[in-house]
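Here are the chains, one letter per residue:
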Amino acid sequence: MKPGTTSAACVALLRRDLALTWRRRGDALNPLLFAVIVVALFPFALGPEAQVLERIAAGTIFVAVLLAALLSLDSLFRSDLDDGSLEQLVLSPHPLSLLLACKIAIHWLTTALPLIAIAPLLAMLLHLPDSVLPVLLAALALATPLLSLIGAICVALTVALRRSGMLLTLLVLPLIVPVLIFGAGACNAAQAGLPYAAPLLWLGAWLVLALVLAPLATAAALKISLT
Amino acid sequence: MNPLVLWFHKLGSPPYFYRFAGRFLPWLYAIALVSGAIGLYGGLVVAPADYQQGDSFRMIYVHVPCAWMSLFVYAFMAANAFVALVWRIKLSETLAMASAPVGAAFTFITLVTGSLWGKPMWGTWWTWDARLTSELVLLFLYLGVIGLYHAIEDVRQAARAAAFLALIGVVNLPIVHYSVVWWNTLHQGQTVSLMGQSKISQSMLWPLLTMAFATHVYFFASLLARARAALLALESGKDWVRAIALAQPTREASAHG
Amino acid sequence: MAEFFHMGGYGAYVWAAYAVFVVVLLADALAPLWQRRGTLRDIAARLRRESKRKTTP
Amino acid sequence: MSAIDPADPPPLLAARALAYARNEEPIFGPLDFSLAAGEVVLIEGDNGSGKTTLLKVLSGLLEPTAGEVLLNGVHLTLAKLSHQVALLGHLPGMKLELTTLQNLRFAVGLGGIRPGITPAIALASVGLAGYEDQPLRLLSAGQKKRVALARLLLVPAALWLLDEPYANLDREGIELVNRLLLMHAQRGGAALITSHGAYAYTSGTPRRIALRATTAEPAGREAGA
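If you're matching them up, the sequences are chains A, X, B and L in order.
Counting along the first sequence from 1, when you hit position 76 you're at 76 in the working numbering, and nothing is skipped either side.
Basically the working numbering = 1-based index in the second sequence + 1000.
Basically the working numbering = 1-based index in the third sequence + 2000.
Basically the working numbering = 1-based index in the fourth sequence + 3000.
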C-alpha cells in the first residue's frame, strides 16, 4: 500500500480547482468589474483633464488591481473549509505547503491574470502614455503574485473567522505597502523618464523570496487556525 | 537544578507569576513616575532652548522616547511570540499579547507628537517623511495583531495566530522602512529630521535618557499589569483564581493589589 | 511663569504633545486595572450563582 | 508497559494517557487504549462527550493536551502526519459542484490508491453504479455518505477513523457500512467508529470504549444528565 506521488497530488488539486473555477466562472468576472468601476470613479472625482489623469494613472491602476485581488483572497480557503476539504488536505501525506502553493497559483491564475489582461484597458481610460504600458504590465506581473502569496498567509490566519473582510484588509495592508511603493514607483519613474529597472528587480527578488517562504508560512498559519 | 533555571520554571506557573508581578508592580510604577518627573523637569526647565528650533524642540522629550519604545516593544513582543510558537509557553503568549496595546499606545503618541512638531516646523500637520510613514505602518501592524487576537474566540488559538502575525511583521518592518526611504528620495520629500542636525548638548541629553529609562520601566509595569489581568481571565476556572475572586470584596476595600 | 508656559510661542504645541503623552499613558495604565477588577467581579458573581445551584437542586 | 512483549509487533494505534482540553476545559481523557490490526472498535458516548474531538486528535489534526498517540509505534504529530489514517468526519470533504467520479479521482490523487481497485469499482461496491457523472449536489444525504465511503475503499489507509458513519443511512446503508468494516478488518486494517448508540456495528462483538463527559472534576458535572 503506497500513497500517490506528491506531483500527482498537486496535479489532482490543480485540476479540481480549475474545474471548480470553470463551474463558477461567473464569479471570476467580479474582480474585473470591481477594478474597472474603481478606475472609472477617479475621473468623476478628479475631473476629466487628461494631464491630471495621466499623472495618477499608474498608481490608480495599481491600487485598483491590488484591491480587486485582495477582495477575492477572502474566498481562497473558504469553500474548502466549509466542506471539510481543507482537513483532507492537511491529513494528506504530502507537504501541505506544496499543496497550498498550488491553491495560491490557481488563485493568481484565475483572478490576477485576468486583471493584468485588462490593465491596458484601464490604462487607456486614464490616458497612461503608451511607453509606460510595458512597465506597468511588468510591475503588475511581479506585484500580483506577491499579493497572492502574502495575502494567503493572512487568509490562513483569519480562515476560522466567519466575517474576516475588514480584518483581512488591515492585516494585508502593512505587508503590501512596499510592493505598492516599488510597483507604482517603477511606473512613475518610467513616466518621468527616469531609470525604472531597480524597483522592478527588487520586486523580482522579493517574489523569489516569497515563492519559497510564503507557502511554508501559510501552511504553518493554517495549522494554527485549524487547531 | 540550577536555582536560576528553577526560578524561571516557577515564574512560568501562572499563580506564581501573578503573585510575583503583584509584588513588583507598585515599585515599577513608582520608579517610572519619579524618573519620568525628573526627566520632564530636566527637559522642560533645565535644558536650554535649542538655538535653531527654540522651545519647540522640548517635544523630543516625549516624542523620541516613545518612538524608541514603539520599536522596543515590537521587538519584545516578537521575541515572546517566537518563544510562544516554538516552545508553546503560555506565559510568553500572554506577555506577547499584553505588550501589543502598550506598543500601539507608544506608536500613537509618537505619531501625534510628530505631527504636533511638524505643524510649526514644516507648516503642515502631516508629511509623508520616511520616519513618520514607517511609524504609521507600525501602528497598522500593532492594530492588526490586536484585531486578530480579539477576533478569534479561542484565546490560546488567538494568541498563537496573532503571535505568528507579529513575527511576519518583523520580517516586513525593515522592508517597509527601506522602501519608504527609497520612495522619499524619489519624491524629494522632507529630509529634516526631528532631532535636527544641531549637536545635542549634555544638558539636553540627560533628560532625554532619563525619559527613555522612565518609559522602559513604565512599559514593564503596564506589561505586568496586563499580563496579570489576562492570566485571571485565562485561568478563570482554576482554584487559585477562584480564591482571589472570592477574597476580592474585602481586599478591594483595604488596598488594591 | 507665563513665559514658561508660553514656550517661546510654541506653547500650544509643546503642551499638547505632553498632554497626549500623559493622557494616552494614563488610559493605558488604567485599562488593565479595570479589566482585572471586572474579571474578578465576573468570576465572583459566577461562583455565587453556582454555589446557589448546588445547594438548591 | 512491561506487559508488552518486545517481540510482538506494536499495535496499529495506541493512545497513552491521551487527554484534550480547550481553554482549560477538559474535553476528554485521560484515555489509554490500543487497537490491533483486524480490529473494529466502537467509541460510545453522549453528545458532547468528545467523540469527534478524539477522532481529530487521533488523526493528528489536533495536538493532544497531554499524552501521546502512537501509530505502528511511531509518535504522531501534526508536523509529521501519517498517510495510514483515513478520516471520515461530519464534513464529507467533497465538492458539491463536481461529479462523484471527479471527487473520487481527486481523493485518489491526493491520497493514493489501493492496488486492484478503481473509482468506478468503488462506486459500484457502495451501490452507486451508474451515478458516475452525477454532480454530488444532486445526490441525497445518504448517497453522499456512500460516496464518502467509496473514498475510504480507494485510499490506501490501514486505519479508518469514522465519525458517526451510520448517520443519514437507511437499513441497507447500515449493512453496507458493516460489510465494508468487516472486509477492512479481514484484510488487516483496523477501524475506530463513533456512535451515540442508536446504531452499532453488529458483525461479531466489537470492543467498546465508553467516553463520558470530562473526568477532570471529581463530581463529574452534567454526567447525571
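By construction, these hints were calculated from the structure, which means they are not laboratory data.
Predicted, not measured: the structure shown is a model, and the values here were computed from it.
Note that CB positions come from ideal geometry on N, CA and C, so glycine has one too.
Among the hints, a few may not be true.
[To be verified] No more than 25 Å apart at the CA atoms, straight line, and that leaves these computed lysine-lysine pairs for BS3-like:
{"id": "1", "chain 1": "X", "residue 1": "K1238", "chain 2": "X", "residue 2": "K1090"}
{"id": "2", "chain 1": "X", "residue 1": "K1119", "chain 2": "X", "residue 2": "K1010"}
{"id": "3", "chain 1": "A", "residue 1": "K223", "chain 2": "X", "residue 2": "K1090"}
{"id": "4", "chain 1": "X", "residue 1": "K1010", "chain 2": "X", "residue 2": "K1238"}
{"id": "5", "chain 1": "B", "residue 1": "K2052", "chain 2": "X", "residue 2": "K1010"}
[Unchecked claim] What follows is a list of derived Cβ distance ranges for each label pair:
{"id": "6", "chain 1": "X", "residue 1": "H1009", "chain 2": "B", "residue 2": "R2037", "range": "46 to 56 Å"}
{"id": "7", "chain 1": "B", "residue 1": "R2049", "chain 2": "L", "residue 2": "A3017", "range": "50 to 60 Å"}
{"id": "8", "chain 1": "L", "residue 1": "R3137", "chain 2": "A", "residue 2": "T5", "range": "28 to 38 Å"}
{"id": "9", "chain 1": "A", "residue 1": "L209", "chain 2": "X", "residue 2": "P1003", "range": "55 to 65 Å"}
{"id": "10", "chain 1": "X", "residue 1": "P1015", "chain 2": "L", "residue 2": "R3207", "range": "11 to 21 Å"}
[Unchecked claim] From the derived model, a few chain A residues whose C-beta atoms are all more than 10 Å from chain X:
{"id": "11", "residue": "D17"}
{"id": "12", "residue": "R24"}
{"id": "13", "residue": "L137"}
{"id": "14", "residue": "V177"}
{"id": "15", "residue": "L201"}
Exercise for the section: Output the numbers, in ascending order, of every earlier hint that fails for this structure. Expected result: Hints 2, 5, 6, 7, 9, 10, 14 not satisfied by this model.
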